[in-house]
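Enquirer: Chain residues, written in single-letter form:
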Amino acid sequence: MRAYHEQTMPATAVHPDRNFKYWLLAPAIFLLLLIGLFPLIYSLVVSFMRIDMMDTDTSFAWFYNYKNLFKDGRLWWSLAHTLLITAIALPLELLLGLAMAYLFLEKMPGRQIFISLLVLPTIISPIVAGATWRLLFDNKYGPINQILSWFAGERVNALWTINPTLVYPAIIFCEIWQWTPFMFLILLAALSNVDKSQTEAAEIDGARFLRTFRYIVLPAIWPVMAIAILIRGLDLFRIFDIIWALTQGGPGTKTETISIYAYTQGFKQFETSYTAAIAFLVVFILTVICTWAIRRMGLAK
Amino acid sequence: MSALPLHRRHGVRLSFRYLIAALLVVIFCFPVYWLFIISFKTPDEIFAFPPVWYPESIQFSNYKVLFKDGDAATVGNSLILASVSTFFAMIFGTIAAYSLVRFKTGGENLAVWIISQRMMPPVAIVFPIFLLYVWLGWVDSYFGLIILYTAFSLPYVIWMMRGYIEDIPLELEESALVDGCTRWEVLWKVVLPMARSGLFATAVFTFIFAWNDFLFALVLTRTEVTTYTVQVTHYFGGQSNFWAKIAAMSVLGTIPVFFTVAVMQRYLVRGISMGAVKG
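If you read the sequences in order, they're chains A and B.
Residues 1 to 301 in my numbering are what the first sequence lists, from first letter to last.
Residues 1001 to 1279 in my numbering are what the second sequence lists, from first letter to last.
Since the hints were derived computationally from the structure, they do not count as laboratory data.
Incorrect hints may have been included.
[As the list claims (entries may be wrong)] What follows is a list of derived Cβ distance ranges for each label pair: (1) B/D1167 - A/K67: 48 to 54 Å; (2) B/S1015 - A/S197: 25 to 31 Å; (3) B/D1044 - A/N193: 29 to 35 Å; (4) B/I1115 - A/A26: 14 to 20 Å; (5) B/F1242 - A/I147: 22 to 28 Å; (6) B/F1143 - A/N163: 43 to 49 Å.
Ideal Cβ placement from N, Cα and C applies to all residues, glycine included.
Here chain B stands alone, though its shape is the one from the complex (with noise of 0.2 Å):
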């Protein structure tokens, strides 16, 4: 290697380079086509042997069949829950992190004591959930997951909205406060205009945590608020399972977050290596 000269030693590297990304490219993307083109597939291709690597032609029964008999609405149910959660745990979150950050809100322990409850295991949770969700009857209710995901995100977007607000000057807010606005107009005109991209982020995380969310759905549904990674699993039998409805219902659930994530990107590179470097 060394008798090259260095240009084109740069030049191998960076070739080899872009082979190692390519392979690594191939094997994380792979099972991704698997799934989508499955759910193209027409049974006698999904069921051939050796495996069909693409199929003849598209075709969308197996979407339509999940349309028809109404599968598909579990994707509405996971959209409601996800999206009207993460509107709540944002503004709820957003404030309460204001008050931690501005006015010391219960000093350093009421912060602690917030961080600490993301460490809970769901299913150290979920059962005590379930009871008291029965008590209360909120059981297969938008309402009670609504509420459940709301709670379950505060923690996170607390602890990364605490990050960003730190960063906002207090001076923008005080001559705020001179011209005559009200705390509540400070907060609305000064302080969420100016973590807005951080509010992007940290909601980019909270909708797909509610929306990726399996086990709370699993005890908390029965029929009515089905989401869709809870139907997906009810396709699996013991014998047969029904391959093409979990590949399509797996797909419907799956491109809504590579949307949202595909057009909140650079929120989103940003937000995952914020969080980690703020801590």
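Isolated chain A (complex conformation) (with noise of 0.2 Å):
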């Protein structure tokens, strides 16, 4: 120890040791390019090749599994089945966030132990999130069947699981529950370092309540908000854990989203080929979204 320090080493982090910061680095990179890059680079090739269960010939097709994403529907329909799901349950998680973050945003007695008990279904694992709806969702002994009853007057025997117009809202209602608290919690951090006096100033010169928040209020949350979008759009797009406990992507493939699809094809039908490709149509489209995104909401820095 003292040798190295008689090495004349500078004293300021400017000159540093030659090899000290790539020590630090290398145990990270090395683990993000053997779990990250490597196998991306594997399938790649796999995805020019023919391989599924019956053939594992590894001569090259090129563009052969490519060629099939196209003719695929099945793909294409989970793909939108995906983008429905993200479409209806986004905007109405933010809403809800929203309007919970304002309500909690005053002091008052005892916020905390709210604020506590209702970010639970944040904390829970998906796949239990998923089996515990399964549980409510139940036809005959599910409390939620029994609680619309009440209000009909007449005993409902919904299918939540398995009728297809009504399995939508059971998946959407379940993903809002769960992530609508994460949502929350980021917007009420938010808002609370918002300059009151601003928004105080504006109530004085008699702002209505909705162009206050246009003008001031969201532009000092926006940053913040449109990370929170941009994760919870992009856990949404892999949506994957909720639908597997509620539905397995049934009834049929009415509910099979670009996960379940490509978890479907590639070990329950072992199209080792055809999944690489379809990872790799995946990978593409949320590269796209994702530059368009940060681009449009203004967070490149």
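Combine the two chains into a complex, taking the hints into account.
Expert: In structure tokens form, the structure reads like this:
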């Protein structure tokens, strides 16, 4: 240690020991390359072949799988299902989360306890959330149909996870239940940081709530809100667990999302090369969306 | 409304807020209540029509079965995987973040590349990883999953810790160097203690991510290191679901997270807001 010091080590961080900074990064980079980059390259190669359960031929078929992607109706339907869920759940989570954040913005006794209780759904595992709602939605022994019966005045026997018209509301309800608290927490933190004197001044001037929100609050919370939207949007695009627990993509392929479809192709049909091609389609779509979103939302720094 | 005196109006508003808040708590907590309550019900109570809203007595036979059959051990597997991978992700991630912040290693490009790794959807990456793991013989091993969870948490840890480390005044580190500390000692004795609350907040989320994971565990485990999330789905049947087991297993898997969050609460809320604000 002493010898190290005597090698006239520079005292400021501007001229660090040459290799030290690389040593610090080495384990992280190694793991990211091993788990992130290497499999991606490997599967890119595989996606140009024609490997499936029957055939382990490793000669190149080039764009054979990619051409098939365009003819695969089930794939595009699964993509449509994914977008449908995202398009409905995301705005609802955002609006509900925002409303809840406003509700708890001002101090009130017991506020912290309310917040802690409301955050519970977000911290439980999505697979458990799905399982829980499966129990809740049961047509006979579940409480939801029972509660609906009270309002309807007659016995309700809705088959939530089987009936094609009810299955989407069921999934979206579960999704909103689990992730609205996440939006709520982030937006509450963002709203708390908004300069109060500005909003109060606007109110004294007689500005309506919506105008104050549009011109003072929204610009202030937008950077945080945009990131929350981006995170949730990406998560919704890859939705798997909740659907797996509730419907496994059923009835039929009615609620199959892109993740469920890719899983089925890869691990049930063993279409190795084709699944790799699907994976690349997903990576491509996400890259496009993210680049667009980051530019559009003005997040690029 | 405007006819009321100001303090009365305030009181009406406050009680209205309490009413809505109570309603929200009921809506958001009822499913959790239902899950817990089913796990304590007898089969007769579970399959009763109309549903039983609260059991006559709390009984633990649903849990006893899980422990007797050894299913409860899957919670232990989750615990090992989540805590060990969190430990490594925090170490590797923090030192990497330190390097990025203090030495600007790799410039902005490297940081952006690392963060972009987080955007990768698991389903796109899980299949190639499966192929890789079969080739390496890592399927159904603690080692394989720990490496995977560690790597998957790294971008998040680096991203978060970067923000926390930037807040540490450089003078502290410089004076430690002048005092004769090596660079590793500076990291260990100055930087880590200063970033303590950030470390905890980040660790909670890293732990929860690994704990809640389902897809990777589903694909990469068979029998040896089954996690509790995979175990829960084993009880789904086509015709009859093993309701009591689903509920009891879910509760066993949820309690550790509730506990962690309760203990770490003040770090948690800060972690969420900091992560978003710092971006």
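Enquirer: Determine for every hint whether it applies to the structure shown.
Expert: Quick rundown of the hints versus the structure:
1. B/D1167 - A/K67: 48 to 54 Å: 52 Å, holds
2. B/S1015 - A/S197: 25 to 31 Å: About 28 Å separates the Cβ atoms of B/S1015 and A/S197, which means 25 to 31 Å holds.
3. B/D1044 - A/N193: 29 to 35 Å: The hinted range 29 to 35 Å is violated for B/D1044 and A/N193, with Cβ atoms some 53 Å apart.
4. B/I1115 - A/A26: 14 to 20 Å: 19 Å, holds
5. B/F1242 - A/I147: 22 to 28 Å: 24 Å, holds
6. B/F1143 - A/N163: 43 to 49 Å: Once the Cβ atoms are compared, 45 Å apart, the range 43 to 49 Å for A/N163 and B/F1143 holds.
Of the numbered hints listed earlier, the single one contradicted by the structure is hint 3.
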